[in-house]
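Participant: Here are the chains, one letter per residue:
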Amino acid sequence: MSSPFARTALKAANLMRAGAPSTPKKGGGTSLNGEPRNDLIKKVLFDAPPRPPVRFSSEDMTRHETIERAWKLVRQQQKQAQEEGLAKKFEMMRKANAELEATSSQLFKHSQTKERHAVFPRQLRTLTDTPPKQVWNYREPAATPAPKA
Amino acid sequence: MSFPRVVLRAGRSCSTMPTRAFSVKSVVRNAAEPTYKAPALGVNKTFDEALKVIAEDKAKRLADIKSMEAALAQLVKAAPSAAKDTEIAALKEKIFKQEAYAEINDPEIQWQFKNNKNVDMSKAVFRFMKSKQFKRETLPLIQQRTTQMFVTPDLLPAFTPSVNVQLDFGAGSIPEGTKVVDGYFETGSYLLPGKTVVEPKVNVTSFHPEQRYYTVALVDPDMPDVENETYKQQLHWLIANVPLSATQTELSKENADVVLSYLAPHPPKGTKYHRYTLILAEQPNAGQDKVQMDASAISRETTLRDLCSHFKLEVKGLTFFRQVWDKNVSRIYKEILQQDEPVYGNQPKVDELLDETGQKKKKFIHM
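Chains as they are written, first to last, in the UniProt record's numbering: chain A, 1 to 149; chain B, 1 to 367.
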C-alpha cells in the first residue's frame, strides 16, 4: 500500500535491523544505562533524508485539480442525500406527533415527557471488587418482585 | 499496515500511480499556452472518472435549471403580491447559482479564467467567478485604503462596494515604485499632477448582465475653506446616465450626459495631500431611471451627500488617488483655471509669554 509513512517506517525497520553499535554515539548523553533507543530515534527522525516534493506538470496539475473538484462534488452529493433523508424522517416524526396531539392530548403529553423523578433501582446489589462468600443460595428460591396490577 | 515491505517506485510516479500527494508543486516547464489543451485521457483513471462525475452533475443541474425557469415563468404570470417580487428575485438568484455551479468544475473554464482568455461576462459562471475574486482579492484592499484615509466618513457613510472601478490616465502616469494591480494603480496611490491633466479612462467591472445607469463623479474633499476654518469639497467631474453592465465596462461620454466637464486636479501649495475620489452611484429604480441634472442647480461646490440625497443615488463603487502640490499645479492654475495661485500656510505663532513690544510680560506690579 502506498501510505505516506511507508518510507519512514521502512527506514526505521532497516536502521533497527542494522542496530546501534555500528555507529558511534552522538553526544553520549542520550543513551541512559547503555540503552541506544534515543540514538536510534534521533537517527530515524533527523538523519533520514526528507521526501522530495512531488512535482507536477501543468497537465498533471489540471488533472489533480479536476479530481479534487469531482471528489468534493461526490462528498457534497452524499451529504445532500443524508440531509434530505434526515429532513424526511423529521417531517414524518413531526406529522406523527401532530396527529397524536390532535387524537388524544393525554397520550400526547405522556409521549412528550419523561418521568422527572426516576431513580436507579435501589434493590441493586452494591458492586464490589471481589465476589461475596456465598455467591448464590441454591436452597431458597430467588425473591421475585410482586407483579403490578 | 504491513511493516517492512519493500515497495519499488519509479521516480516520477505521478502519472502511473494515483498517489495521495501531500505536497504538490506545479512546475511550469513551458510558457503559458495560447489555447487550452485538454489533458489526455487514459493516463489517470481517476481523472477519467472525475470527468464523468462532473458531466453527470452538470446534466443534473441543467435539468434543475429548466424546471426552475418554468416555475419562474409561472410566478411572473401569477397575481402580484407583496412577497412576489422577493420570491422572483430569490428564484433568479438560485437559477444564476445553478448556472454557475454547472460549469465551474469544467477544467477548460478554470483554465480560461486563470489565464484571462475568452472570459465572456455574459456567461453566469464567469460573472460568478469574477465576483468571488473581487470579494476575495480586491475588496479588502479598497476597504482598507478607504477607511485608513477616512474617505468614507468624510465623503459618504461607510458602505461595501459591489462594483470595481479602476482609472487609467495613460502610459507613464503611474510613478515608479507604485503597486500595480491588473495594469491599474492601487487604490490610494500617489499620482503626479502633470499626468492627471487629461481625463482618465474609467474601467468598471460590474456583475449584472442587464444594463444599468450610473452617475460618475470625481470629488476633491480637501480644498481649504479659510472663512470657516475647515475644508470644502470640489466636484472635478460629473457625468450622469452612464450605461454599464457586465459586458459594457468602459465609460463613454457619447452615451452619457456630461454635467460638469473634467477639471484637472490642482492641489494648492501648503495643503496636505488631496484625496481625489471617483465614485460610481447607481441611479434610482435599480439603475433603470435616467436622471436629469440641471446644470444651473449643480455647481462645483455641491457636496456629494447632497447630490446623492437629492437625486436618490446609491453609491456602488469607489476608487481614489492622492496628490500633492507640484510645479505643474502652478501651470494648471495659470493656463487652465486662469486664476492666481493661492499659497496656504499656518498662522504665525504667537508667543504668549511676550507682550506687544516683545518684552517679557511682568508677573507682578510694583506697588
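To be clear, the hints were calculated from the coordinates, so they are not data collected in a lab.
Computed from a predicted structure; not experimentally measured.
Some hints here could point you the wrong way.
[Stated by the list, open to error] Simulated restraints, written as ranges between beta carbons of each label pair:
1) 93/A <-> 149/B: 34 to 42 Å
2) 93/A <-> 67/B: 22 to 30 Å
3) 34/B <-> 93/A: 28 to 36 Å
4) 107/A <-> 132/B: 30 to 38 Å
5) 132/B <-> 46/A: 40 to 48 Å
6) 93/A <-> 49/B: 31 to 39 Å
7) 120/A <-> 58/B: 39 to 47 Å
8) 35/B <-> 38/A: 57 to 65 Å
9) 58/B <-> 78/A: 52 to 60 Å
10) 107/A <-> 75/B: 38 to 46 Å
11) 50/A <-> 147/B: 52 to 60 Å
[What the hints assert, rightly or not] Pairs of lysine-lysine residues, derived as DSBU-like cross-links and limited to a Cα-Cα distance of at most 35 Å, are as follows:
12) 360/B <-> 79/A
13) 58/B <-> 79/A
14) 79/A <-> 179/B
15) 88/A <-> 201/B
16) 123/B <-> 135/B
17) 92/B <-> 89/A
18) 92/B <-> 95/A
19) 72/A <-> 253/B
Note that CB positions come from ideal geometry on N, CA and C, so glycine has one too.
Participant: Each hint should be assessed against the structure and marked as holding or not.
Facilitator: Here is how each hint holds up against the structure:
1. Residue 93/A and residue 149/B have their C-beta atoms about 57 Å apart, which leaves the hinted 34 to 42 Å range violated.
2. Residue 93/A and residue 67/B have their C-beta atoms about 29 Å apart, which keeps the hinted 22 to 30 Å range intact.
3. At roughly 59 Å, the beta-carbon separation of residue 34/B and residue 93/A lies outside the given 28 to 36 Å, and the hint is violated.
4. Residue 107/A and residue 132/B have their C-beta atoms about 53 Å apart, which leaves the hinted 30 to 38 Å range violated.
5. For the pair residue 132/B and residue 46/A, the supplied restraint of 40 to 48 Å holds, since their beta-carbon distance comes to about 43 Å.
6. A hinted range of 31 to 39 Å for the beta carbons of residue 93/A and residue 49/B is consistent with their spacing of about 38 Å.
7. The given range of 39 to 47 Å is broken by residue 120/A and residue 58/B, whose C-beta atoms sit roughly 58 Å from each other.
8. Between residue 35/B and residue 38/A, the C-beta spacing of about 59 Å keeps the proposed range 57 to 65 Å intact.
9. Range check, residue 58/B to residue 78/A: Cβ separation about 18 Å, and the 52 to 60 Å hint is violated.
10. One distance hint, 38 to 46 Å for the beta-carbon pair residue 107/A and residue 75/B, holds here, with the actual separation near 42 Å.
11. For the pair residue 50/A and residue 147/B, the supplied restraint of 52 to 60 Å is violated, since their beta-carbon distance comes to about 44 Å.
12. Taking the CA atoms of residue 360/B and residue 79/A, the gap is about 86 Å. The hint is violated against a cut of 35 Å.
13. The hinted pair formed by residue 58/B and residue 79/A meets the criterion: a straight-line CA distance of about 18 Å does not exceed 35 Å.
14. For a cut-off of 35 Å, the pair hint linking residue 79/A to residue 179/B is broken: about 44 Å separates their Cα positions.
15. A hinted pair counts as satisfied when its Cα atoms are at most 35 Å apart, and residue 88/A with residue 201/B does not qualify at roughly 56 Å.
16. For the suggested pair residue 123/B and residue 135/B, the alpha carbons sit about 19 Å apart, so the restraint of at most 35 Å is met.
17. Of the pairs offered as hints, the one joining residue 92/B and residue 89/A holds, with about 30 Å between alpha carbons and a cut-off of 35 Å not exceeded.
18. Restraint check for residue 92/B and residue 95/A: the C-alpha separation of about 32 Å stays at or below 35 Å, so the hint holds.
19. Restraint check: the Cα-Cα separation between residue 72/A and residue 253/B comes to about 47 Å, which exceeds 35 Å; the hinted pair is violated.
In terms of the numbered hints stated before, the structure departs from hints 1, 3, 4, 7, 9, 11, 12, 14, 15 and 19, listed from lowest to highest.
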